[in-house]
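Colleague: Now for the letters of each chain:
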Amino acid sequence: MRKFKEFIIEKLILICGLASIFFVILIFLFLTKEGLAVFKSVTPANFILGKSWYPISEPAQLGILPLILGSLMVTLGAAIISIPIGVACAVYIAEIAPLKIKEILKAGIELLAAIPSVVLGFIGMVTLVPWVKSTFHLPTGLTALSGSIILAFMAMPTIVSVAEDALYSVPKSYKEGAFALGATHWQTIYRVLLPAASSGIVAAVMLGIGRVIGETMAVMMITGNAAVIPQSILVPVRTLTATIAAEMGEAVVGSEHYFALFAIGIVLFIMSFIINVTADLFLHKRR
Amino acid sequence: MRNTQRSQKIAFFFLFLATLLIVLPVGLIVVIIAQKGMPAINWQFLSDIPRQGMRAGGIFPAIVGTFYLVFGALFFALPMGLLAAVYLSEYAKENLLNRIIKLAIINLSGVPSVVYGLFGLALFVVFLKFGASILSGSLTLGIMILPIIITTSREALESVPQSFREVSLSLGASKWQTIRHIVLPNAIPGILTGTILGLGRAAGETAPILFTVAAFYLPRLPKSIFDQAMALPYHLYVISTQVPNVDEKVRYGTALVLLFLVLVMNLVAIIIRYNFRKKKKW
Amino acid sequence: MVKFSAKDLNIWFGQIHALKGVNIEIQANEILSVIGPSNSGKTSFLRMLNRLNDLYPGFKMSGWLQYDKADIRKLDVEVLRKRVGMVFALPLPLPLSIFENIAYGVKMHGEKNRQKISAIVERSLRQAYIWDEVKDRLDVSAFKLSGGQQQRLCIARTLAVEPDVILFDEPCSGLDPISTAKIEEAMLKLKQDYTLVLVTNNVKQAARVGDRTAFFLSGELVELDKTEKIFTAPSDQRTDDYIRGKFG
Chain W
39 MRKFKEFIIE KLILICGLAS IFFVILIFLF LTKEGLAVFK SVTPANFILG
89 KSWYPISEPA QLGILPLILG SLMVTLGAAI ISIPIGVACA VYIAEIAPLK
139 IKEILKAGIE LLAAIPSVVL GFIGMVTLVP WVKSTFHLPT GLTALSGSII
189 LAFMAMPTIV SVAEDALYSV PKSYKEGAFA LGATHWQTIY RVLLPAASSG
239 IVAAVMLGIG RVIGETMAVM MITGNAAVIP QSILVPVRTL TATIAAEMGE
289 AVVGSEHYFA LFAIGIVLFI MSFIINVTAD LFLHKRR
Chain L
299 MRNTQRSQKI AFFFLFLATL LIVLPVGLIV VIIAQKGMPA INWQFLSDIP
349 RQGMRAGGIF PAIVGTFYLV FGALFFALPM GLLAAVYLSE YAKENLLNRI
399 IKLAIINLSG VPSVVYGLFG LALFVVFLKF GASILSGSLT LGIMILPIII
449 TTSREALESV PQSFREVSLS LGASKWQTIR HIVLPNAIPG ILTGTILGLG
499 RAAGETAPIL FTVAAFYLPR LPKSIFDQAM ALPYHLYVIS TQVPNVDEKV
549 RYGTALVLLF LVLVMNLVAI IIRYNFRKKK KW
Chain P
182 MVKFSAKDLN IWFGQIHALK GVNIEIQANE ILSVIGPSNS GKTSFLRMLN
232 RLNDLYPGFK MSGWLQYDKA DIRKLDVEVL RKRVGMVFAL PLPLPLSIFE
282 NIAYGVKMHG EKNRQKISAI VERSLRQAYI WDEVKDRLDV SAFKLSGGQQ
332 QRLCIARTLA VEPDVILFDE PCSGLDPIST AKIEEAMLKL KQDYTLVLVT
382 NNVKQAARVG DRTAFFLSGE LVELDKTEKI FTAPSDQRTD DYIRGKFG
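Residue numbers (the numbering used here), protein chains in the order written: chain W, 39 to 325; chain L, 299 to 580; chain P, 182 to 429.
Looking at chain W on its own, in the form it has when it is part of the complex (with noise of 0.2 Å):
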């Protein structure tokens, strides 16, 4: 009797093991199965390449490549803001702050990862929009700008807590090693520990630009939403996964727009994918 009750218990496990699988799989069947259909009236490359994007004119023009563009332009700026930022974080985290600061800080970085990022998005509009418009002298401060700012800082504690991990695993030696040849504590860092670690940075600058290109609700908030191919970092801009959030509520379940808008889908889970595949691959050279 208790054999068997094991044996069942010990079914379930492998079947919940299996779980996660099942369910890349699933997101995958029902992303294509409604996003695929959208190819009937438009070709991959028209879709990926189109400059117009008018999901409900007559008839529809339905290409995303100023959603594209919009969402590179909003990531380039996070990643420029956020890399140099988030690794020097790092570095001051794993090396010189004291032990008890440290543990405040990661508390602080851990609670920046916390904020729901539509809280961060309404804050932007109330404080980051406004000085961005009076600084730059602007119509509207919803801009790139804006997006890009507040996603690095959703970027950061991703960047932050990998880069620290990879700082943290160089082998104690290196760091000894460079010490007795005579090294200052900052020559040892840039010249032993950043290279010593350099793969887990690239993995955590990945995964950092991997959530800033799926990040929603802030960025809806404060880059303005205009489907136009982008001038400067200075006007407004929509992205991929904005436009899915804001046009689904309207689209008609079964319509062309609905299908391009699970074919948008279908792009960002191949982009995520592949940041996320690569990043891993990163993390286990390291090992």
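By construction, these hints were calculated from the structure, which means they are not laboratory data. Think of the CB as a built atom: it goes at the ideal place given N, C-alpha and C, for glycine as much as any other residue. Just to be clear, a hint being listed does not mean it is correct.
[Stated by the list, open to error] To spell it out: a stretch of chain L is covered by chain W in this simulated footprint if at least three of its residues, at any positions, have a beta carbon under 8 Å from a beta carbon of chain W; those stretches are: (1) 325 to 334; (2) 351 to 363; (3) 390 to 404; (4) 415 to 428; (5) 500 to 510.
Dock chains L and P against the given chain W, drawing on the hints supplied.
Modeller: Coordinates of chains L and P only, in the frame set by chain W:
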């Protein structure tokens, strides 16, 4: 020599500056929201339904909706995530299957939240015909927090010393008995930490519930799991972007309640982990 | 009577050939000391007897190993481990109270009667000569005991499931001489009712308590004989070198 010392000083100053650049705004955000949101918080705000097109009254239905969603997600994700973690830590062998499972978990945790929303819409709302409902929203959020629960629980299980397992097995206990009576009880603090972090994430997410459950304006409480519901993060989004002329105070108040909820969960998780590390017997 | 008998026993962990063609018989109610340098295969041999090696990735075996004339691969592993108890190198109390540590195995084997369990706990603690030291604080965490007490607690825990053979894996390696003496004294008394196999790095300990002594080197059983014989006139030069401390 003096030169290298000086360049070290300059470098360390910049590293410190970068850290401040991250940590100060976090504090600032919390302080601003607390300061401007506090005046809005009173009993009516917390316990009344929204009135006058959400410009007055309270946010009670949104609070309740968020609780339903969070515990619905937990009800689904905790047992499954915990058993999956047990599989990975106790049963899985180093082989291709194990590698694929780990890759799947990494991908699940990387899928953008709005894509979870799409998936929930396609599977639960449309295909399984649950409609936009608490059930659909909870399941969507549940799948989203699954990787968090699996990863943290697995770490907690793996941190139980191998020797405990060997002792239990050497006394003739079965593998499941060993897991049930030795491994799980000693991993509970870690599992709890992960669960609470997952809850915090579920409470704050908006994109996955946009099309699966969230009601724009529903001035009553949901009656069953097939009802739509309001939720705090979505409500904040709505009153800050979709409804004109909402008093700033109401927006800040809503943001404060949401932030408070999420930060308290995270704080509890951090405290549990801290105490556990301090008390650890092995 | 023969308790264990191994014929041409080989085991591997992945590419590592840990035991090479071992032939040995272990008699009932004897203390068999197993000595040898580290990585000689002595612990792998011990962990073969209760199939704890099964837990390691890449484990493979060939040849025969019988317990009470039954192939250990065909026995239910939980039954085998209940019959063949083990005391580990370091004191390894479970993170439970003293009482629950002893009661754990008994409960896992299905005993629910509180009174019976209490009786077994007391009897086992007495057998391991630790009852008087802990009887007033049975509900205290086992980690509160000293190292030597913890190790005797572990012996009591093994005794509680009523084994037939007890395996000792360097049981005194972390203990002071007084605690070691107490454990050795317990082992000599346990010999009347149980079969004991003692793996030890301490050659003098093997000489003090072993009836017979086996010397392992590089996965091979070099020599097995009466303890006096091994320590006075070993037939293999390598054994002589080892016990004289020339290596290992």
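Colleague: Could you run down the list of hints and mark each one as holding or not?
Modeller: Status of each hint after checking the structure:
1. 325 to 334: holds (count 5)
2. 351 to 363: Result for this restraint: violated, n = 0.
3. 390 to 404: holds (count 7)
4. 415 to 428: Per the Cβ count (8), the hint holds.
5. 500 to 510: holds (count 7)
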